[in-house]
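Now for the letters of each chain:
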Amino acid sequence: MKFIDEYQNSELAKKLAQRIAGHSVRSIRLMEFCGGHTHAIMRYGIRQLLPETIEMKSGPGCPVCVTAIGDLDKAIALAHSPKVIITTFGDMMRVPGSYSSLQQAKAEGANIRVVYSTMDALEMAKASPNKSVIFIGIGFETTAPTIAASIVKAEKERIGNFYVLSFLKLTPPVMKALLGLGEIKLDGIIGPGHVCVITGSHPYGFIPEKYGVAYVISGFEPLDILLSVDKLVQQIETGSPKVEIAYRRGVKPEGNRKALELMQQVFEIDGADWRGIGIVPQSGLKINKEYQHFDANNAFSGLLRSARNDKPAKEPKGCRCGDVVRGAATPLECKLFGKACTPEKPIGPCMVSSEGACAAYYQYGASYE
Amino acid sequence: MCLAVPVKVVSIEGDEAETEIGGVRRRVSVALTPEVKAGDYVLLHTGYAIGVVDEVEAKETLKLFEEIIKLSEVH
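In the order they appear, the protein sequences are chains F and W.
Take the first sequence: its position 258, counted from the start at 1, is 524 in the numbering used here, and no numbers get skipped.
Take the second sequence: its position 3, counted from the start at 1, is 83 in the numbering used here, and no numbers get skipped.
It is worth saying that the hints were derived from the structure and are not from the lab.
Wrong hints could be hidden among the right ones.
As the list claims (entries may be wrong) - Taking lysine-lysine pairs in the DSS-like style, the calculated list, with each CA pair at most 30 Å apart, reads:
| hint | chain 1 | residue 1 | chain 2 | residue 2 |
| --- | --- | --- | --- | --- |
| 1 | W | Lys143 | F | Lys419 |
| 2 | W | Lys117 | F | Lys280 |
| 3 | F | Lys281 | W | Lys143 |
| 4 | F | Lys508 | W | Lys150 |
| 5 | F | Lys268 | W | Lys88 |
| 6 | W | Lys88 | F | Lys323 |
| 7 | W | Lys88 | F | Lys518 |
| 8 | W | Lys139 | F | Lys422 |
| 9 | F | Lys601 | F | Lys611 |
| 10 | F | Lys524 | W | Lys139 |
| 11 | F | Lys580 | W | Lys143 |
| 12 | F | Lys268 | W | Lys143 |
| 13 | F | Lys508 | W | Lys143 |
| 14 | F | Lys518 | W | Lys143 |
| 15 | F | Lys419 | W | Lys139 |
| 16 | F | Lys518 | W | Lys117 |
| 17 | F | Lys422 | W | Lys117 |
| 18 | F | Lys280 | W | Lys143 |
| 19 | W | Lys139 | F | Lys508 |
| 20 | F | Lys508 | W | Lys88 |
| 21 | F | Lys281 | W | Lys117 |
| 22 | F | Lys508 | W | Lys117 |
| 23 | F | Lys524 | W | Lys150 |
| 24 | W | Lys88 | F | Lys524 |
| 25 | W | Lys150 | F | Lys268 |
| 26 | W | Lys150 | F | Lys397 |
Claimed, not checked - Computed Cβ-Cβ distance ranges for the label pairs, DEER-style:
| hint | chain 1 | residue 1 | chain 2 | residue 2 | range |
| --- | --- | --- | --- | --- | --- |
| 27 | F | Glu610 | W | Glu137 | 39 to 47 Å |
| 28 | F | Ala579 | W | Ile92 | 28 to 36 Å |
| 29 | W | Pro114 | F | His559 | 23 to 31 Å |
| 30 | F | Pro519 | W | Glu135 | 37 to 45 Å |
Note that CB positions come from ideal geometry on N, CA and C, so glycine has one too.
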């Protein structure tokens, strides 16, 4: 058992889809929160397997896509400082900021390295004691504990030249913001499986309780997703929305206690700026006082302030990524999609990120149409 | 970003582990999963094991698929 192939059986998938069609009566709208689910759904043609009663919307679960352009500008501003090495996950490199991108800054001579893990950034800091190594901390609850662990390790090993520029975000507050906005009516949400490995299922109870919306936490293989849709349809048809885990091999109701402890040790909750949504209260993680010597916002505050004053943030003209992350528009409704904006020459982050809805539509679009 | 893949833990040394997937070996941090044992599968995300795969639940889910299918064939 490898925990992958077993959940990809196409015969079982077809039968599960038939079962869903058999008991889906009402016309319903579901949102897959996570960009990883969007890609799996498109890649495996799951939308085509589902009956016409089920409409699927993509959500804001793509950390690169929801990073505010002003925050990206900050990272680019820091990159131009001669004593700095910027370390980042690869997806961020090509996202256009207001005036430049990390990739462009690198071409202009900035010292920017793509890393696979915060551990690589720590190693780089050890190897370059005369430079400040800044990690661009994007991600949700899945990634936050790994960044917390790296900060605790840096403290323990007294690595004084390692910093994190935290744009970390929390998923329950943004779900609340979207449901509260009421811009699109949802009947159910496919919950982000790997976020919930950390958080558990408890923080999402308000979704059925307050908004009457069904919530099923899903794995990422095609059978996982179909099982989750099946459970959502059942909840909706019987009028009994609740939080359910359909990814039990990974998610426990209480989550990962050690990871949650580490997050609490290093971070405090703060407002965060989401592209397309704006400031969402209590939806971000910033480094707390005890660990503030690792906070790039503190250590480079002067540099960040002057960069913002010189060049205010501005969104790319015509880009609807902000609408796409709210589920208010599909990529196909953006005039730039596939014409001015392609994966080779992206205008917005939804076309860059491997989790972006635009990238998924572009890559698998033919099968969707 | 939230991508995580199941990899098999071969051996553990402090808060690091040697893991294997499809013949490829990789050293990962198990700082977030202190309960992990050699032989377990963990979900690997950006160099960290973020959770131990529950084998019993994994099999239960596979059984559930079969049951669902059987049920729908009866009707």
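For this session: Find the hints from earlier in the document that the structure breaks and name them by number, from lowest to highest.
Result: 1, 2, 6, 8, 11, 15, 20, 21, 22, 23, 26, 28 and 30
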